[in-house]
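Trainee: Sequence:
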Amino acid sequence: HHIPDPEQRTTGEKWPFQDKRPNTDSLTVTVTKEMLPSFRIIAYYHTTSNEVVSDSVWVNVKDSCMGSLRLESSKPNPSYEPRKMFGLKVTGDPGATVGLVAVDKGVYVLNNNHRLNQKKVWDIVEKYDTGCTPGGGKDGMGVFYDAGLLFVSNTASGTPYRQELNCPVPSRRKRAATIMDVTTSLVSQYQDQLQRDCCLDGMRNTPLSYTCERRSEYISDGADCAAAFLHCCKEMETLRAERKEDSLLLARSEEDDSYMDSNEINSRTEFPESWLWTDIKLPACPQENANCDATT
Numbered sequence: 001h002h003i004p005d006p007e008q009r010t011t012g013e014k015w016p017f018q019d020k021r022p023n024t025d026s027l028t029v030t031v032t033k034e035m036l037p038s039f040r041i042i043a044y045y046h047t048t049s050n051e052v053v054s055d056s057v058w059v060n061v062k063d064s065c066m067g068s069l070r071l072e073s074s075k076p077n078p079s080y081e082p083r084k085m086f087g088l089k090v091t092g093d094p095g096a097t098v099g100l101v102a103v104d105k106g107v108y109v110l111n112n113n114h115r116l117n118q119k120k121v122w123d124i125v126e127k128y129d130t131g132c133t134p135g136g137g138k139d140g141m142g143v144f145y146d147a148g149l150l151f152v153s154n155t156a157s158g159t160p161y162r163q164e165l166n167c168p169v170p171s172r173r174k175r176a177a178t179i180m181d182v183t184t185s186l187v188s189q190y191q192d193q194l195q196r197d198c199c200l201d202g203m204r205n206t207p208l209s210y211t212c213e214r215r216s217e218y219i220s221d222g223a224d225c226a227a228a229f230l231h232c233c234k235e236m237e238t239l240r241a242e243r244k245e246d247s248l249l250l251a252r253s254e255e256d257d258s259y260m261d262s263n264e265i266n267s268r269t270e271f272p273e274s275w276l277w278t279d280i281k282l283p284a285c286p287q288e289n290a291n292c293d294a295t296t
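In UniProt numbering, the protein residues as written are 1 to 296.
Everything labelled a hint here was simulated from the structure, so no lab data went into it.
Values in this document were obtained by computation on a predicted structure and should not be read as measured data.
A couple of the hints might just be wrong.
Unchecked claim - For each label pair, taking beta carbons as the anchor points, the in silico distance ranges come out as: (1) V187 - V152: 51 to 59 angstroms; (2) N205 - C65: 40 to 48 angstroms; (3) G99 - V57: 34 to 42 angstroms; (4) L150 - Y210: 25 to 33 angstroms; (5) V152 - C292: 22 to 30 angstroms; (6) S209 - C65: 22 to 30 angstroms; (7) C292 - T47: 44 to 52 angstroms; (8) H46 - G136: 15 to 23 angstroms.
Said to hold, decoys possible - When the alpha-carbon atoms are kept at most 30 angstroms apart in a straight line, the in silico DSS-like pairs for lysine-lysine are as follows: (9) K244 - K75; (10) K281 - K75; (11) K138 - K75; (12) K105 - K281; (13) K33 - K127; (14) K234 - K244; (15) K105 - K75; (16) K89 - K62; (17) K75 - K89; (18) K119 - K244; (19) K62 - K138; (20) K62 - K33; (21) K119 - K33; (22) K281 - K33; (23) K138 - K244; (24) K127 - K89; (25) K234 - K127; (26) K138 - K127; (27) K62 - K84; (28) K281 - K119; (29) K281 - K138; (30) K89 - K33; (31) K119 - K89; (32) K281 - K89; (33) K89 - K120; (34) K127 - K75.
From the three backbone atoms N, C-alpha and C, an ideal C-beta is built for every residue, glycine too.
Using the sequences and the accompanying hints, generate a full structural model.
Mentor: In structure tokens:
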């Protein structure tokens, strides 16, 4: 379609116009073990009026060990007899100290709860993140504040000072709309039974990562059914996104019932069902390969 001259009004009077279409650029960031369990990227710039424009994004890193570690038998056999030798090959970061313990599987039969795993370790570490939101902020300074940073400038306004390490607990909404509330409200908008069924189909969650628009293209019961499907699908998609954001905001303000207080656990370091309890130190890289990734 025809785009009028930006410097011409309908009356013929000229007025200044500045093209404010944003320019985009891409940046590749290599994720390293120091970025576990998550990290933030903050971008900002100053305008001519000393205003700070900023934005941030929170990136979750896949939970894994910070170093590499692999255990394998040096001479694999289908089974091993009592009092026979067993060779264990340990491969990991050069110079790393590796702790070994042998546990009778019968222990897990008696109590399989509270097993330490990577997820529990990183969930505890994540609680010490000074950031408060999954990204962004209410304004330019709010981006820095919510990321756990202090911004000070002699020309622009700065962030308020935080008195505590923990984030301020956000207030809950008086009553969040439940899935059932939204389902009932959306279905009641349609009188025709076919449109009601199409609306319900649109609100169903699907394991496929298709958009609502693409899913609606497969509807073969007419345009009215497709329209009801698309409307209800989009509304439910919005609700799920809001609930996900709320859960991220409140995640650190709630205690996780799946974890016990360490003071309530009676710890023992040696008992017959577990033994070995030894540390080994992996060798350093050889001189001919000083920058090796792993040693055995």
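Trainee: Given the hint that K234 pairs with K244, does the C-alpha gap stay at or below 30 angstroms?
Mentor: Given that 30 angstroms is the threshold and the Cα spacing comes to 15 angstroms, the pair holds.
Trainee: 44 to 52 angstroms was suggested as the range; check whether the CB atoms of C292 and T47 agree with it.
Mentor: holds, 49 angstroms
Trainee: For the pair supplied as a hint, K127 and K89, is the alpha-carbon distance within the 30 angstroms limit?
Mentor: Roughly 35 angstroms between the alpha carbons, so the hint for K127 and K89 is violated.
Trainee: Taking the beta carbons of L150 and Y210, is their distance inside 25 to 33 angstroms?
Mentor: Since the Cβ atoms of L150 and Y210 sit about 43 angstroms apart, the hinted range of 25 to 33 angstroms is violated.
Trainee: Is the hinted pair K281 and K33 satisfied, with a Cα-Cα distance of at most 30 angstroms?
Mentor: Holds, because 21 angstroms separates the two Cα atoms, which is no more than 30 angstroms.
Trainee: Is K105 within 30 angstroms of K75, Cα to Cα?
Mentor: Distance ~22 angstroms between K105 and K75 Cα, so the pair holds.
Trainee: Taken at face value, is the distance from the CA of K33 to the CA of K89 at most 30 angstroms?
Mentor: holds, 24 angstroms
Trainee: For H46 and G136, compare the CB-CB distance with the range 15 to 23 angstroms and indicate the outcome.
Mentor: This hint holds: roughly 19 angstroms between Cβ atoms.
Trainee: Do the alpha carbons of K119 and K89 lie within 30 angstroms of each other, as the hint requires?
Mentor: holds, 26 angstroms
Trainee: Take a quick look at whether K281 and K138 sit within 30 angstroms of each other, Cα to Cα.
Mentor: violated, 50 angstroms
Trainee: Does K234 pair with K127 here, judged by a C-alpha cut-off of 30 angstroms?
Mentor: Measuring from Cα to Cα gives roughly 33 angstroms; hence the hint is violated.
Trainee: For the hint 22 to 30 angstroms, verify it against the beta carbon of V152 and that of C292.
Mentor: violated, 44 angstroms
Of the numbered hints stated above, those contradicted by the structure are hints 2, 4, 5, 9, 11, 24, 25, 27, 29, 34, listed in ascending order.
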